[in-house]
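Asks: The residues making up each chain are set out below.
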Amino acid sequence: DVKVTQSSRYLVKRTGEKVFLECVQDMDHENMFWYRQDPGLGLRLIYFSYDVKMKEKGDIPEGYSVSREKKERFSLILESASTNQTSMYLCATKMGGYGYTFGSGTRLTVV
Amino acid sequence: GNSVTQMEGPVTLSEEAFLTINCTYTATGYPSLFWYVQYPGEGLQLLLKATKADDKGSNKGFEATYRKETTSFHLEKGSVQVSDSAVYFCALSDRSGGYNKLIFGAGTRLAVHP
Chain V
1 DVKVTQSSRY LVKRTGEKVF LECVQDMDHE NMFWYRQDPG LGLRLIYFSY
51 DVKMKEKGDI PEGYSVSREK KERFSLILES ASTNQTSMYL CATKMGGYGY
101 TFGSGTRLTV V
Chain G
1 GNSVTQMEGP VTLSEEAFLT INCTYTATGY PSLFWYVQYP GEGLQLLLKA
51 TKADDKGSNK GFEATYRKET TSFHLEKGSV QVSDSAVYFC ALSDRSGGYN
101 KLIFGAGTRL AVHP
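As you go down the protein sequences, you meet chains V and G in turn.
The first sequence begins at 1 in the numbering used here and counts up one residue at a time.
The second sequence begins at 1 in the numbering used here and counts up one residue at a time.
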């Protein structure tokens with residue numbers, strides 16, 4: 001089974017800090033995704049990547065950037081954290097066909 | 001653009017009750033449809049899927065039928081258990097822009113009590 005590991009379950013950061021959320025997969029899957037999950041809004045796509053060094057904006061990319069230097073690692077970067085970025089962040093990788101595997105999530109609080 | 005609408009929760013049921021969670025979608029073309037489940041403290045897991053009209057997805061006693069005429073994909077289970085308590089997300093595959101990605105509904109929280 002594909003395993004998707006997010007480096008932190010809980011994170012507390014200060015407004016204005018640069019924040020890195022890391023996601024690592026243990027299989028050679030090309031497609032990786034970052035979503036944020038908010039009550040009443042479901043999951044919204046921030047960025048995705050279909051190959052090393054390739055990235056595409058999702059529906060809500062403002063305030064975020066990503067990095068994919070190696071196939072197994074996809075990082076989400078908050079350039080200057082703000083309180084409205086307090087959320088649950090979920091990383092996913094895409095298996096064959098239409099299957100996705102999700103990590104357990106990182107709950108980020110910006111104070 | 002493509003979108004998914006789910007019934008608002010929470011849905012509270014007694015054990016062995018019948019469950020329906022409504023899901024409707026708006027999409028161009030013929031997307032694949034999915035139900036994902038999120039148990040407390042965990043990521044999302046695929047529960048079932050359907051790839052074309054009239055397909056029925058099923059898993060763990062849950063079922064959903066892809067209805068193109070009503071653009072719906074309602075989730076049903078005949079007899080829920082306490083262990084089914086979770087958040088359920090309806091989703092569709094969006095192939096616009098040449099990339100395949102998932103669009104999710106807002107999620108419906110289900111609480112089953114003994």
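Certain hints may be false.
[As the list claims (entries may be wrong)] Straight-line Cα separation of at most 30 Å, DSSO-like style, residue types lysine-lysine; simulated pairs:
#: 1; chain 1: V; residue 1: Lys70; chain 2: V; residue 2: Lys3
#: 2; chain 1: V; residue 1: Lys53; chain 2: V; residue 2: Lys13
#: 3; chain 1: V; residue 1: Lys13; chain 2: G; residue 2: Lys52
#: 4; chain 1: V; residue 1: Lys57; chain 2: G; residue 2: Lys60
#: 5; chain 1: V; residue 1: Lys18; chain 2: V; residue 2: Lys71
#: 6; chain 1: V; residue 1: Lys53; chain 2: G; residue 2: Lys56
#: 7; chain 1: V; residue 1: Lys55; chain 2: V; residue 2: Lys13
#: 8; chain 1: V; residue 1: Lys3; chain 2: G; residue 2: Lys68
#: 9; chain 1: G; residue 1: Lys56; chain 2: V; residue 2: Lys18
Derived from the structure by calculation, the hints contain no laboratory data.
Asks: Look at each hint and say if it fits the structure.
Replies: Each hint tested on the structure:
1. V:Lys70 x V:Lys3: holds, 16 Å
2. V:Lys53 x V:Lys13: holds, 27 Å
3. V:Lys13 x G:Lys52: violated, 44 Å
4. V:Lys57 x G:Lys60: Between V:Lys57 and G:Lys60 the Cα gap is close to 35 Å, so the pair fails against 30 Å, i.e. violated.
5. V:Lys18 x V:Lys71: holds, 23 Å
6. V:Lys53 x G:Lys56: violated, 38 Å
7. V:Lys55 x V:Lys13: holds, 25 Å
8. V:Lys3 x G:Lys68: violated, 34 Å
9. G:Lys56 x V:Lys18: Violated: G:Lys56 and V:Lys18 sit about 46 Å apart, past 30 Å.
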